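Chains as they are written, first to last, in this note's numbering: chain D, 1 to 181; chain S, 1001 to 1367; chain H, 2001 to 2596; chain W, 3001 to 3304; chain R, 4001 to 4193.
Just so you know, the hints here were simulated from the structure itself, not pulled from any lab data.
Bear in mind that the values here come from a model prediction, so they are computed numbers and not experimental data.
Worth double-checking, as some hints may not be accurate.
Stated by the list, open to error - Derived pair list, reagent style DSS-like, types lysine-lysine, alpha-carbon separation capped at 27 Å:
| hint | chain 1 | residue 1 | chain 2 | residue 2 |
| --- | --- | --- | --- | --- |
| 1 | S | K1208 | R | K4124 |
| 2 | S | K1321 | H | K2062 |
| 3 | S | K1172 | H | K2020 |
| 4 | W | K3031 | H | K2032 |
| 5 | R | K4029 | S | K1296 |
| 6 | R | K4176 | H | K2586 |
| 7 | S | K1167 | H | K2032 |
| 8 | S | K1239 | S | K1167 |
| 9 | H | K2267 | H | K2586 |
| 10 | R | K4029 | S | K1225 |
| 11 | R | K4176 | S | K1321 |
| 12 | W | K3031 | H | K2020 |
| 13 | H | K2016 | W | K3258 |
| 14 | W | K3058 | D | K140 |
| 15 | H | K2367 | H | K2315 |
| 16 | D | K155 | W | K3221 |
| 17 | R | K4026 | S | K1225 |
| 18 | R | K4029 | R | K4048 |
| 19 | S | K1208 | R | K4151 |
| 20 | W | K3031 | H | K2026 |
| 21 | H | K2006 | S | K1195 |
| 22 | D | K5 | W | K3221 |
| 23 | H | K2062 | R | K4151 |
Claimed, not checked - Quick list of the computed label-pair ranges, beta carbon to beta carbon:
| hint | chain 1 | residue 1 | chain 2 | residue 2 | range |
| --- | --- | --- | --- | --- | --- |
| 24 | D | N173 | R | T4171 | 37 to 47 Å |
| 25 | S | D1185 | D | N173 | 48 to 58 Å |
| 26 | S | S1319 | R | I4140 | 21 to 31 Å |
| 27 | D | N175 | W | S3138 | 30 to 40 Å |
| 28 | S | L1181 | D | K9 | 52 to 62 Å |
| 29 | S | V1244 | H | T2021 | 32 to 42 Å |
To be verified - Derived list of chain H stretches under chain S, where covered just means 3 residues or more per stretch with a C-beta under 8 Å from a C-beta of chain S:
| hint | segment |
| --- | --- |
| 30 | 2052-2066 |
| 31 | 2154-2161 |
| 32 | 2176-2190 |
| 33 | 2206-2220 |
| 34 | 2434-2441 |
Note that the Cβ used here is the ideal one computed from N, Cα and C, for glycine as well.
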Amino acid sequence: MYNDKDAKKIVDIIQSYARKHSLWVVAYGTGCGAIEIPPTMTSRYDAERFGIRGSATPRQADVLLITGYLAVKTLKRVIRTYEQMQAPKFVMGFGSCTINGGMYWDSYNTINALDRYLPVDVFINGCMPRPEAVISGFIKLQQLISEGKAEGAEKYLKNLEWYRENQNKVIPNWNMPDYNW
Amino acid sequence: MREKETTLYLGPQHPGITGNMMVKLKVAGDTVVKAETHVGYLHRAFEKLMEQRTWMQSFPIVCRICVPEPDPNEENLARAVEEIEGREVPERAKYIRVMALELSRLAAYMLWMGGQSGGLGLYTAPQWSVGDRDYILDLFEELTGGRIYHMYIWAGGVRRDLPDGFKERVLKTMDYFESRLPEYDKLIFDNAIFKKRTIGIGVIDKEKALEWGVVGPPLRGCGIKHDVRIDEPYEIYDKLEFEVPTVEGGDIYARAMVRRREMEQSISMIRQVLDKMPGGPVYNKVPNPLNWYVPKGDAYVKTESARGEFGYYAVSDGSLKPRRVHVRGPAYVHGVSLLERILVGANISDVSPIMNSLGVCPPEIER
Amino acid sequence: MAFDIKGIISPFNALKQFGKTPHTVKYPYTKKEAAERYRGFHFNDLEECIGCGTCATICQNKAIDMIEIEGIETTTGDSGLRPRVDNGRCCWCALCVEVCPTGSLSLTKDYLHVTDDPDSFLWTPGVDNPDGEKIKSWVSDVEHSLLDYQRIPMRELEGKERVKSFAEVVLGYSEEEAREEAARCIGCGLCTDNCPVHMHIPEYINAIASGHYDDAVRLIYDNNPLGETCGKVCTRRCEDICAVSKRGEPIAIRWLKRFATETAANKEIIAEIVEPEILPPNGHKVAIIGAGPSGLTAAYYLAMRGFDVTIFESKAHAGGMIMYGIPKYRLPLDSIDKQVEYMKSIGVKIQYNTKVGTDITFDELHKNFEAVFVGIGFEVPYSIGIEGENAEGSIQAVNYLREINSERNIDIGDKVVVIGGGNVAIDAARVSRRFGADVTILYRRRVEDMPADWEEIEGAEDEGVHIKTQAIPLENILDENGRVKAIKYANAEMIPDPDGGRPRPKIIEGDEHVMEVTTVIGAIGQEADYSFFSEDIKEKIEIKRGRIVVNDLQQTSVPWLFAGGDISNRRADAISAVADGYRAVKGIEKYILEKS
Amino acid sequence: MEINWSSVIGIVATPVIAFIVGVLYGGAVRKITARVQNRYGPPITQNLFDIIKLYSKKTAIQHGVMQHLGPVFAITASVTSLYFIPVIKDSPYFQNFSFNGDLIFLLYMMVFGSLGMALGAGQTGNPNSAIGVSRGLSQMVGYEIPFVLALVAIMIQFKTTSLNELLAVQDHFTNWIIFQSPLAFVAGILAFLGMMHYAPFDVVIAPAEIASGPPSEFGGKYLGLMMTSGSIFAFVKLVLFVDIFLGGASDFITLIIKTFLLYMIPVLTGIVSPRFRTEQSILFFWKWPTFIGILAIIVVVLNG
Amino acid sequence: MEELKIEKEIAEEISKTFHSAEVTVKREKRVVVKLRDDLITPFLSYAKNNMNFIHLAHISCVDWLEDNKFELIYSLLNYDNKVMILAKTYIDRENPEFVSHTNYWDQAETYEREMREMYGINFKGNKRLTEFILEDWQGIPPMRRDFDTVKFSQDTFYNRPGRENAQDVRTTVTKKSGEEIPEIGKDYTVRNL
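Required output: the full structure, derived from the provided sequences and hints.
What follows is the structure, encoded as structure tokens:
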């Protein structure tokens, strides 16, 4: 009748379908791109149609939006936020700043290429990306998920040393308010 | 009995924080004993970058200083250069500038309304107001070519004239907004629970407000009539009829009501501007930006933004690039020293509403 | 607190919205078109673009690179490079569009690029979106461009005032005007390619714009010791291909050079500013025949390099054609003197009134000097080839101008006809006006075909010179004393050239006219006088169409003999002569160093 | 021993049905909320996707055994509560274990779930969770009082603590307790608002104040378990109130209509209300609902 | 002249009280006062207490690297007549130190913290000169003009490769024409923007 393989396949399909249609975004406005998130999430563009929803804490979230430039001080927190998230987790880079520094290319306090420090699944062009572009980014992410290509979390684990090396280059020390959990 | 103090970190990743900053709270039970703001998460070194760029090249970057409301920044830098250089702005450009400023004020208030009521758990209000704000962004897109970052006002005037039929579309949007305002009133400002959550919370003392350097709606919420638009009328504000609403109380609700009434004033001002707008050029060309040497001098200019007085202190040393541009955002005081003081004794549930009501906007604190 | 029944009930009003149709834009199912002015991705019209790179310069994000594109070559007036935008830097502020001098760059309504590949953000506008033309949204026309397409007008004497004296017509820029005009420059440097000397135009204009006039002078003297002369009378090919001229008036490069060089009032100040680095004498001797622009240039730079240079000049003044060919209202005498004096002060020796061939033989020169540079220019006028040409009252413009510039007067009467359409013809006409004559220029072709500068033509018209075009002189009618009393000419029509060349005039049969004149001045060109060359030299050197054939370094077929100026180039202007002189220096240096 | 097959089917089917109905109700609520907010909202099955996704998370952080047990407690509590509620009146399949003292038992059972959550959340060490838990417990104290008062009024009036007997009383819609004892209903429904944790009583999760409160540190399958239990528990509460006040339901369609309408009360209130502060919320329950509850008892006692 | 009446009165009062002060009425509602550094505190105190300039709008610093000076600018506002005074002074750039004004205005603390961080000015008397915007900053204070942010960014942060084939227009043209550009005027050429 059926074998384990088929069953696994069906489960996979269901899982990836559910993953695709339930993308919870961690509420972390890291940069100025955060200003286009409210319009995307609210009535005019209503990203909830795609199952995209804000989530208050990184533990519950699936997607980390890096909305633009990252100050070194924020990068430290973003890395921590990212590491708190549960796999499978995805990172989306918004705008020029995450690709090659954008307009802060010569600032002493912002990083230039996000994918050196975190695995990025989708980049969205723009400064800022419009809500349409943001939604397109999510659609692209959904597509990658169903194709099984959005494997940022695994990439991060596999190349952790490389990422750590890059991170350490810009972050002199990792002291942060110590939470005890 | 003294309760055990715990430390609570509000942010930088926290849904209750506005923007990207952190408030370190010492909490005894539900009451804040000590608050310490930590900023710098959005520091991009604007002032340093402006020293690396020419005056004209600075315009695309200044609007990023305050994300919800970029226009006052452009306006300030433009006026600062114009004052140093002694450049005249065409009359029509002044009208268009005021229109852009008031539209952006309206948009900023819509966003604030969403933040304020969303922070209080009224999730319908942000859905409405941020959705409606999009109509203003549509207007901006049509006028300036950009939704959020307009880069429209710059030295010598504005970049482009109004597109065809723009006036009618603005008026239509204003009509729509006016029809929506009563609904917001019913949902938010008349709401008994909203009042319960805001009246008497986050009170700023009237005397202290002056000394602490509070500006904008928080100051007017203390019943003090202080607004750059009437104190030092720039552009054509002296030709418009409007009142600066003040509300006594100094609490969140008073600040909310100031903003609520200013929205009406803004709509009326936009109507007046469109009505009175003269013809003529909109741009008094500056020299080729590659070779624009601004004479030596300095200027302190102020603009009333949605969060209060936005000041720019610009110094030119006669070269292509600014010597120094100091940006003094209203949130600089509101978000650090004022917030730290009025949070003491507040309930932790009120921290986020208080921040919202002060209009704390981290990107303009650290720039 | 009182029981706020209204406050409890009224929020429920919001539930009315339930019945309404949501205003959500169902993207991507329903598309919302970006605004008419939306600032999306770039588009570049590759044909219009001249690769000036201003977009790359203005970009505060350093997002634009100029790159080579297949199929686009570097030509004069086009660098052959095209912008490529790094969308990982761009902020779509459209500053690049606002400063594009040609208007080829624009932004489009397209804004969507979503990818998982961070290296896919390099965007070559026009190549990556060849059909972007249709969705162009943010464009910059002349009105909205940040560039200034209007030249700062040059102040000149009124036409009526001018004809009263030989005072300089052009008054020059004031400091403010000069800085304002210099500020228009975008500094692309395309112009330098068309300059025969390849002067450092963007650099010195930049120096003027920033108020560093000394630097400007230094940059000009770097490869042109006759900067002031060129600032006044240059044919300014640079302005022809100025990037700004694509949509407006070119930068007044010549007037800016004039402004800069005039800030140095005398030879001491020039020396102080330029601080020429004169190498110690190296013992090599070079002779230069003719103190014209090419000779002077060669002498100046040879002297700087430590050569022992002597110029042999047949006339009493140095300058050659710029001294004797150009009227003083264009180039005053003291200006030439200042420049020549400065050259002398750094070690250039000039023997005046020494005509090679008569006062000293060419062989002698060869014997005494290691290399000889010939820059004698074209001084022998072409004859017009009409009857009565040699009669009294018919003179040649070069001779006429030389006499006038030597402050000898020639009676020309009150009705003058000048034949020709070049600068010499215009000069002759305008000089004649200054003697009160009524002047008419007869030219075979149309005004737009005249080789003279348009400014000169306009200046002549301002001064009341009549220009009769498409008129071909036929005959000088003489009076009983053998003196010219009238000229007969025929009107012509323009016949298009079947080969695509410029149209040729053809006499309309029977349409002949006679004009009464007191003097006819011929100005249809000159040639050189090579009689001083010894026969064996004449055999060795190659002369083509009246000009000596030289290589890249102005060397003739005789290794020690160099030539420059009008006798080696066809452009026949001062700046080309300077260029020849400058090149010859390298040639001579190379020749002498290789020899020894 | 004779196996009552219909009960077995009921035992198996009830939680499944409760889950499905709860999840779909959740989706419907999101859809309705969206429409009021001028937008379309997610598909009605959205909560199901969310739950499946949470279960299929590859990693789930765990801070200790209590965190693991918390959601399990919660789901156990909600399923157990469900078993003691007659879902369909007089149906052999869905009577489950309802017995004579079940109202009292239910009261305890419903608190049990929250306590389990509290223990689990407490172990995560996140101050937000801790604050959320303390808020939840204090608020529970708030709404339990009017709720208990309402129940007491009804128990006195009908002299029973059995849901089945209460259902038996309400044989005709004029006999529904909502009409027989309106004051108790008012007190009960106000407490119900609090129980459902919709605004203005959503102090426990209050995102803008304490992230999301107790579940701050829960991710993956733990959150999935919590959402599952939440869906079931919502259904439990609805059925309970329908059974007590609205005469229960003798078939599924009635059940759906009644529970859905009842559900709309907290939902619609939630759409248009901001959140109370914790002490405001407690005070609210201690003022009017408690007063009405006491009044209901007084009325019952006086009438009785 | 009538319209600058208040401003002139203020200027007069200041110059009467502080003889060494250089007072100019810049424009409507702007009075600029240049003071010796040791007079700033008395002036601020006088303006606040006697002239009702109670609002400290901002404290700013300008780095005049060439003169080896920092310029400090204190802006005060009077709520009644809305006139703004810009009080300027110069302090030494080596080991910069100045007096803190936190006892006059609470919010001065924030400005002073920022200036300490960005320019390295030590405000004596400010008890909270802690890290403000930056975190773990090593090296010279970044807003000083001798700090090269472009170089720092290039050294520290990664620039995406793929743009190496960029050409310079000027060089391309000179390659064709054979022009050699001398090294003059590097500090103002537009190509350096």
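Cross-check of the supplied hints:
Pair hint S:K1208 plus R:K4124 holds up; C-alpha atoms about 25 Å apart against a cutoff of 27 Å. Pair hint S:K1321 plus H:K2062 holds up; C-alpha atoms about 16 Å apart against a cutoff of 27 Å. Straight-line distance between C-alpha atoms of S:K1172 and H:K2020 comes to about 19 Å, which keeps the hinted pair within the 27 Å bound. Between the alpha carbons of W:K3031 and H:K2032 the distance comes to roughly 24 Å, so the proposed pair stays at or under 27 Å and holds.
For the hint pairing R:K4029 with S:K1296, the CA-to-CA distance comes to about 21 Å; that is within 27 Å, so the pair holds. Under the criterion of a C-alpha separation no larger than 27 Å, the hint pairing R:K4176 with H:K2586 is consistent with the structure, at around 18 Å. For the given pair, S:K1167 sits about 21 Å from H:K2032 by alpha-carbon distance, which is consistent with the 27 Å threshold. Our distance criterion of 27 Å between C-alpha atoms is met by S:K1239 and S:K1167, whose separation comes to about 19 Å.
For the suggested pair H:K2267 and H:K2586, the alpha carbons sit about 25 Å apart, so the restraint of at most 27 Å is met. As the CA atoms of R:K4029 and S:K1225 are separated by approximately 18 Å, the hinted pair is consistent with the 27 Å bound. Of the pairs offered as hints, the one joining R:K4176 and S:K1321 is violated, with about 33 Å between alpha carbons and a cut-off of 27 Å exceeded. Straight-line distance between C-alpha atoms of W:K3031 and H:K2020 comes to about 14 Å, which keeps the hinted pair within the 27 Å bound.
The suggested pairing of H:K2016 with W:K3258 holds, with an alpha-carbon distance near 22 Å, which does not exceed 27 Å. Taken as a hint, the W:K3058 and D:K140 pair is honoured in the structure, with Cα atoms around 22 Å apart against an allowance of 27 Å. A hinted pair counts as satisfied when its Cα atoms are at most 27 Å apart, and H:K2367 with H:K2315 qualifies at roughly 23 Å. Of the pairs offered as hints, the one joining D:K155 and W:K3221 holds, with about 23 Å between alpha carbons and a cut-off of 27 Å not exceeded.
This hinted pair checks out: R:K4026 and S:K1225 have alpha carbons roughly 25 Å apart, not beyond 27 Å. Proposed proximity of R:K4029 and R:K4048 is supported: the alpha carbons are some 17 Å apart, at most 27 Å. At most 27 Å may separate the alpha-carbon atoms for a hinted pair to count; S:K1208 and R:K4151 exceed this at roughly 45 Å. As the CA atoms of W:K3031 and H:K2026 are separated by approximately 15 Å, the hinted pair is consistent with the 27 Å bound.
Between H:K2006 and S:K1195 the CA atoms are separated by roughly 12 Å; this keeps the pair inside 27 Å, and the hint holds. Straight-line distance between C-alpha atoms of D:K5 and W:K3221 comes to about 23 Å, which keeps the hinted pair within the 27 Å bound. Proximity of H:K2062 to R:K4151 is assessed by CA-CA distance (about 14 Å); at most 27 Å being required, the pair is judged to hold. For D:N173 and R:T4171, the Cβ-Cβ distance of about 44 Å falls inside the hinted range of 37 to 47 Å, so the restraint holds.
Here the CB-CB span from S:D1185 to D:N173 is close to 51 Å, well matched to the stated 48 to 58 Å. Taken as a hint, the range 21 to 31 Å holds for the pair S:S1319 and R:I4140, whose Cβ atoms sit roughly 22 Å apart. A beta carbon spacing of about 36 Å between D:N175 and W:S3138 agrees with the range 30 to 40 Å that was offered as a hint. Judged by the Cβ atoms, the range 52 to 62 Å given for S:L1181 and D:K9 holds: they are separated by roughly 56 Å.
Evaluation of the 32 to 42 Å hint for S:V1244 and H:T2021 yields a pass: the beta carbon distance comes to about 38 Å. Against chain S, the segment 2052-2066 of chain H contributes 4 residues with a C-beta closer than 8 Å to a partner C-beta. That satisfies the three-residue criterion, and the hint holds. Figure legend: the segment 2154-2161 of chain H, annotated as covered by chain S; annotation inconsistent (0 residues with Cβ-Cβ distances under 8 Å, at least 3 required). Coverage of the segment 2176-2190 of chain H by chain S holds [criterion: at least 3 residues with CB-CB distance below 8 Å; count 8].
Chain S is given as covering the segment 2206-2220 of chain H, and this holds because 4 residues of the stretch bring a CB closer than 8 Å to a CB of that chain, at least three being needed. Figure legend: the segment 2434-2441 of chain H, annotated as covered by chain S; annotation inconsistent (0 residues with Cβ-Cβ distances under 8 Å, at least 3 required).
The earlier numbered hints that this structure contradicts are 11, 19, 31, 34.
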